[in-house]
Structure formats: C-alpha cells, structure tokens
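Number of protein chains: 2
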Amino acid sequence: MSKGTLTVISGFSGAGKGTLMKRLLERHGNYVLSISATTRSPREGELDGREYFFKTREEFEEMIARDQLLEYACYVGNYYGTPRSWVEEQMAAGRDVLLEIEIQGARNIKKKYPEALLIFVSPPSAQELLRRLTGRGTETPEVIQSRISRAAEEAQGMDDYDYLLINDDLECCVGQLDQLIQSAHRRMSENLEFAGKITEELQKMKGE
Amino acid sequence: MSKGTLTVISGFSGAGKGTLMKRLLERHGNYVLSISATTRSPREGELDGREYFFKTREEFEEMIARDQLLEYACYVGNYYGTPRSWVEEQMAAGRDVLLEIEIQGARNIKKKYPEALLIFVSPPSAQELLRRLTGRGTETPEVIQSRISRAAEEAQGMDDYDYLLINDDLECCVGQLDQLIQSAHRRMSENLEFAGKITEELQKMKGE
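From first to last, the protein sequence lines are chains A and B.
Residue numbering for the first sequence follows my numbering, beginning at 1 and increasing consecutively.
Residue numbering for the second sequence follows my numbering, beginning at 1 and increasing consecutively.
Worth flagging that the hints you see were computed from the coordinates, not collected in a lab.
Among these hints, one or two may not hold up.
Since copy identity is lost for identical chains, a pair holds within one copy or between any two.
[Unchecked claim] Dumping the calculated DSSO-like pairs for lysine-lysine here, alpha-carbon to alpha-carbon at most 27 Å:
1) LYS17 <-> LYS206
2) LYS110 <-> LYS197
3) LYS17 <-> LYS197
4) LYS17 <-> LYS204
Given the structure is predicted, the values throughout are model-derived calculations rather than measurements.
Chain A extracted, bound-state conformation (with noise of 0.2 Å):
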C-alpha cells in the first residue's frame, strides 16, 4: 500500500474551500480533513477529537516545545496547529490528508514536509469574490471590506502554492482537486520502492 499524500488548501474567504473539501470528502473515503489542536473553549457541540483537540495552555506549549506540531499560529489569544502524530499515522495508513490553514502555515508545512501539495483556491475574479461575499448577504460593508483587504494581502503569497484552483463550476473544481491530489501518488519519489524493486529483478533476469 502506498502512503498518503499531504494536501494544504488555502484561499480568500469566498472562494468555497469549505465547500470543495466537503465535497471531496464526500467522492471517495480515503481523504480525511485534519483535526487542529487549540486552546479555545469548546462551543456547545463540538467534541475532542472531532472538532478539535481540545488543549490547555500549558498542554499546547510543551506540544510546541516537542515538536509535536506542524505548523501552529496564535488567534485573538489562542493558539491553533496541526499535530504531527495524527497526520502522520493517517498517512501511514495510506490516507490522503487535507489541511485547511492560511499562507503562514502552509509555508510551515513545506519547510517540514517538501512532497505536500500547496493548493491555492480562487474565485474567478475580484468581482466574483465581492459579488459571494455581498451575496451572503449576512456581512456588513465593513465586515466585507475588511475581508477584501485581507484577501488583497493573501494574494501577494499565491506564488508560494504549488497549484492554483479556480472555483468557477463546483463539480468541475472537486474533480480537478481529485486529479491533482491523485496524480501526485504517481510521483517518482512515490515509488522509489516499485523502482528498485523491477530493477533488481531485471539485473537478475538478465544475469540468468
């Protein structure tokens, strides 16, 4: 069985990463969504393990100190990451790992882990963006302003994403987000085992 792939989704809020992962999630069983770690109080519903991996301060900095964490970042005063052990074990049981973290992060994550897909969702335009974010129609001006100006800065770190995903048609983008994620098991460095494996045998055939 090969390993599974690490896959991080980045893109301007209004673009329907939550969406597309959904979606994908959805195509076949052998994607999984990472479960972040943070230090913020469950809200009615959520459960440990499931939502999140609920910690202490203390139980999140000794992670950090460990090295225990991908990547982490501090929010309005607490702290969010990626834990090491559960990405790797479900890799290891050949799981394809998605990653929904914001540009920092995924730099973290390709420091750590140079094979992961950096994957950048964008919605067709600047218009486009604005036209969702005013359709929701649940957003102040302010509120949307202030997500413009966000999005303004993250797209100055597109560059450092290995692929670009434009969210036009829904169905269309899941596929291509299928394909990618899929076509990256047919890396070389994939099947470094398989190599070498037909190799010896053809030395041997040949010798014979």
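For this one, chain A is given, so just place chain B on it according to the hints.
Relative to the frame of chain A, chain B by itself:
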C-alpha cells in the same frame, strides 16, 4: 488560452507506450504527438511531415548548429531529433505535446524545459515484461534477452523521471496519464498571469 504542456514519455520496450499514446491522442483533440526529424531514408508509405521530417545530413547538422533541436541522438549511423519550432508552435497554440524518446533525450529536454513532465511507463513487474515480450511470439530468444538487458540498463535511469505510470490495465493507465498532464495546467507557474491580475484587481478594490 493557456499554453500547452510538454510531456516526455519513456519506458521499457514492451511497456505499452505506443498503445498508451495512441489511446490518449484519441481521447481528446488537445494532444499532439511530436514529429521527429531524421536523416534516415523514408520507408514505403512514410510521408515527410507525417511520420518524420526527412532531412539530409547537411540540413540536420545545420539544425544542430543553429540550436533548432530540443534533443538529438545518433542511432545506427542516422540522426534523430526533435525540432524545436514545431513543438513550440504547438505549445503556443495551447496543445499538449507528447514526445516519445529515450532517457538521454529526456534529460536534455528537462534541461531546456524544466517544466516538461518526464513520465516513465513500466509494466507491473519484470516477470510481466518478459511475458509480454515472449507473448508476441515474433522474437527470437536472443532478441528477447537483448531487450531484457536493455530494460535492465534503462531501469537505472528511472529516478530521473518526475512520474511513474504502471501500465497494468490500459484504460486505467490512459486515464492516469491524462489526469497527470491536465493537472500540470493547474501549476502556479502556468497561472502567474491570472495570479497577477486578481492581485491587482483586489488592490484596486481595497483602495476604493
């Protein structure tokens, strides 16, 4: 319209490269097979510009001198090479160019086009390769032995390829090859124009 990709396909004799590429070309019209230039004489039924571009030795050596070949090699006293202009025209027209060449040529292509996809096609095992070579029933044991020796040498160079395709089930393998090449269009390096444009649009929108 986005630029086409350049894909180099190599693999053991008996791996099924020919059928694989034929099926891929049938699949959709965006694929084209590169036409080699050669100094060998046309065989009956071969047309200049269809099977090969037939050249005199002087013409071929002038193409070498003018760097008009992406790669070339000499076999049994004749030159064979890949004309740069034809490949570049096809890619500029958005077509995905397929090139069936051997390892040294593949390495040369990668030097000139780092973004080229180098794909190695292998049967699932050495035993299966032997079975396919024997099964043709047209080759003498000596020819089969020399093919195996050749394959044993070629196997040493597999590591230089980006991807490995195991041709077990033909239709499945065609699908994987198609996915691989189509996914390459999603690479950030092929989408810098889009990334630049949306970044600019968002900056403008932020300033408004």
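Identical-chain pair category, LYS17 with LYS197, by Cα at 27 Å: between (40 Å within a copy, 21 Å between copies)
Homo-oligomer pair classification [LYS197, LYS110; C-alpha up to 27 Å]: between (29 Å within a copy, 25 Å between copies)
Alpha-carbon proximity context of LYS17 and LYS204, limit 27 Å: between (50 Å within a copy, 24 Å between copies)
Within, between, both or neither: LYS17, LYS206 at alpha-carbon 27 Å: This pair counts as between: shortest inter-copy Cα distance 22 Å, intra-copy 52 Å.
Taken one by one, the earlier hints all hold for this structure without exception.
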